[in-house]
Amino acid sequence: MSFATLVPVRRMSVPLETERGTFAMRLVILTESFLFICLFASYFMLENNKSRWKIEELPKLNFAIPMLVLLIISSLVLHWGELQVKKQRYGIGRIALALTILIGLVFLTLQAFEYRAHWEHLTPYTDSYGSIFYTITTFHAAHLIAGLLILAYVLVLPRYAPALESPYRPFHVAAMYWHFVDVVWIFVVAILYVGPHF
Amino acid sequence: MSAGTTAVQQRLKEIWETPKTVYGWFSTVDHKEIGHRYLATAFIFLIIGGVEALIMRIQLAQSDQSWLTPEAYNQLFTMHGMTMIFWYASPILSGFANYLIPLMIGARDMAFPRLNAFSYWTFVLSGILLYVSAFLGQSPHGGWFAYAPYTSLRYSPGYGMDFYALALIFLTISTTVGAINFIVSIFRLRAPGMAISRMPLFLYSTLTISFAILMSLPALTVDCVFLLLDRRWGTHFFDSRLGGEPLLWQQLFWFFGHPWVYVVFLPATGMASMIIPVFSRRPIVGYPYVAISTVLTGVVGFGVWLHHMFAVGMSDMAMSFFSAGSMTISIFSAVQVFCWIATIWKGRPVATAAMHFAMGFLALLVIGGLNGIFTAIIPVDWQVHDTYFVVAHLHYVLIGANVFPVFAAFHYWLPKMTGRMLDERLGKWSFWVMFVGFNLAFFPMHLAGLGGMPRRIYTYPAGLGLDGLNMTATIGAFIFGIGILLSIINFFKSLRTGQIAGKNPWNADSLEWETDSPPAPYATVHIPTVASRHPLWDDHDEEYDPNNERIFDEGRETLSTTWLDAEPQSIMKMPEDTISPLLVALALMLLFLALVFQWMWVALAGTVGTLFAGYYWLWPRQEEELA
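Those sequence lines, one after another, are chains A and B.
Sequential numbering from 1 applies to the first sequence in my numbering.
Sequential numbering from 1 applies to the second sequence in my numbering.
Just chain A, same shape as in the assembly (with noise of 0.2 Å):
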């Protein structure tokens, strides 16, 4: 005996929930900005001693802006993806995305550069500035690193078309937390490297 014919079941006429993933993201977002915010907190705290850091030079920006750039433009091809997926077009999306990713591996490539040649005078070792200059570039790094990983798994899913109704929209919970560590790296640039020269 199957059940509808007991009782005359009439869903409620409203689309199914997309929403869940794209609010969850922006929490763990704000979440995250804190984590940061205690991050330059402590550097402006630490600044407090700055007579007892031993910085020989200042922080180069030949890489930094370079890095910064690049970020950027990462931001905007993976925007761009994502409307294209909006507009159907699944495979140009699915080429922005993995375009973005390759910008998000050359940063990594360009901070291991940099990271060399900031060595040379100054390590985590040195004194209070090494360890939370290398603390929040790391830190963001590894949000990067993250940031990479969420955009891989969203490269090789099996399909984008809505046909489906997945309640989450992977591609753009994805790009938003790419973003936000886009936005990181804004602060970190303006706090870390070009702060120091004023």
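Since the hints were made in silico from the structure, they are not lab data.
Incorrect hints may appear among the rest.
Unchecked claim - Footprint (simulated), chain A over chain B, 3 or more residues, beta carbon under 8 Å:
#, segment
1, 182-189
2, 244-253
3, 556-570
4, 611-618
For every residue, glycine included, the Cβ atom is placed at its ideal position computed from N, Cα and C.
With chain A held as given, fit chain B onto it using these hints.
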């Protein structure tokens, strides 16, 4: 009840029930099951922390005792504080929130059921990680706030403080995902009609603390990371010789720590705001004022953290500001207290066991709040800093405003969870024994503190006039323990012989009492609608649904509404049971355990394991695609 309805119930049950197998036990995502486990686990931590406290009280009962070494005593009070504050006080409230919130808002589950399971598994595994240290004999020993530089490797060798930092970072993962889950659930899953102005007050407090958690916990994480780096990886955050700043630890810790006080306090006030009106037989007086002061407590709670640091030597300006902030908070608490008193005054109070505990909470909160004002006044604070006066204050606040409301909540909601009533008489006995024991234990500590007894000492010499006070405190602590034991006996007795509770034994007003006791896996057949602040006290039929529009029996689904007015918006698909949250939590456990001992290859394995378990969790499933 027609045959049709039972068929629907049968079908909903098949959709939502977790099979009672071993695999089902480890893979369930049912919020009720997870809520049970949260409550049971947190209660076990309460007992462990309580036994640690009693051991300390035996040591302190008389002067010049030495059966505990100073190191053992240090480890005991540290583990007692950490267990109580991190693994009992907050998780027990998460347990109630997990169990009750979906029922209170008329949803079938939380917004992220798998994340919910993950939050539980990481909570219990982080607690196990902390207690691994006890088996090594190297527990943390720096107090629950672990001030640097005392906790640096130089002064605290061994693995104790590494366990401290890593267990806490592990726990923050659990608490953070839990907070995200509560926020999304409360904003998106309320029953149609439950506008934000009609939400039960418990939801206001949970919402407030969830935001407080998201904004304050990162400070603890950063702090613990700094500590670990300093201890094991050669950095100099807290090392003043190389430009480090010992006060950095305190600043970050209390930026987290004070909001955390409200995290363990506000949901308890929310529960009191649910319980007191029901037993006063009238709606709460000043609902909007209680709601607003709850939120404001959370907001202003971010601006008072320096009052834990009045003795470190700050500018007068900073101290005055934070002293004023601390006293501002008491206004919001006072608003709530007066609303509760007015509710009782204007109502016709019924003296149930739950009401006894709620009244005890009120009394102790007022005492704890008043001696809190003492410590907010800077000169007095300098006098009583690091003495037993502070110990007395924090226990009046934490036990008075967490343990007592939690016991009120147990007496109030356990009939819903188990389907059986607790013995009222034994409950009242338990209350009076606990109340007398508590005051006997902690009131003398005020006097001991004013008399100059410092906190965190493993013994004290005779002839200082402290012997009598300490003996009284020890006797009180044991009486308090007996009171708790009476409640535990009451609980197990009720499971066997308790009266059958029925749907709504207290004639309460909120939606969870609309379900059976214990609730069916799907809660109510029809998603309820709400027309007032007190759904079960008005004439509106919550489950009125002539066209069966709100049954949703085509799979795990629930109704999502707009966040302000709660108008039906969309249908939420819910995930099936899965073991992946447990797998991710286990991989993380491996990672954190490896980090304690710096086994970097194992840590890498843990990271990779977390990653693949995470991918397995998120990968689109066949059934989801077909749905």
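Here's how the hints hold up against the structure:
1. 182-189: holds (count 4)
2. 244-253: Since three or more residues must qualify, the claim that chain A covers the segment 244-253 of chain B holds, with 6 doing so at under 8 Å.
3. 556-570: holds (count 5)
4. 611-618: holds (count 3)
When held up to the earlier numbered hints, the structure conflicts with none and fits them all.
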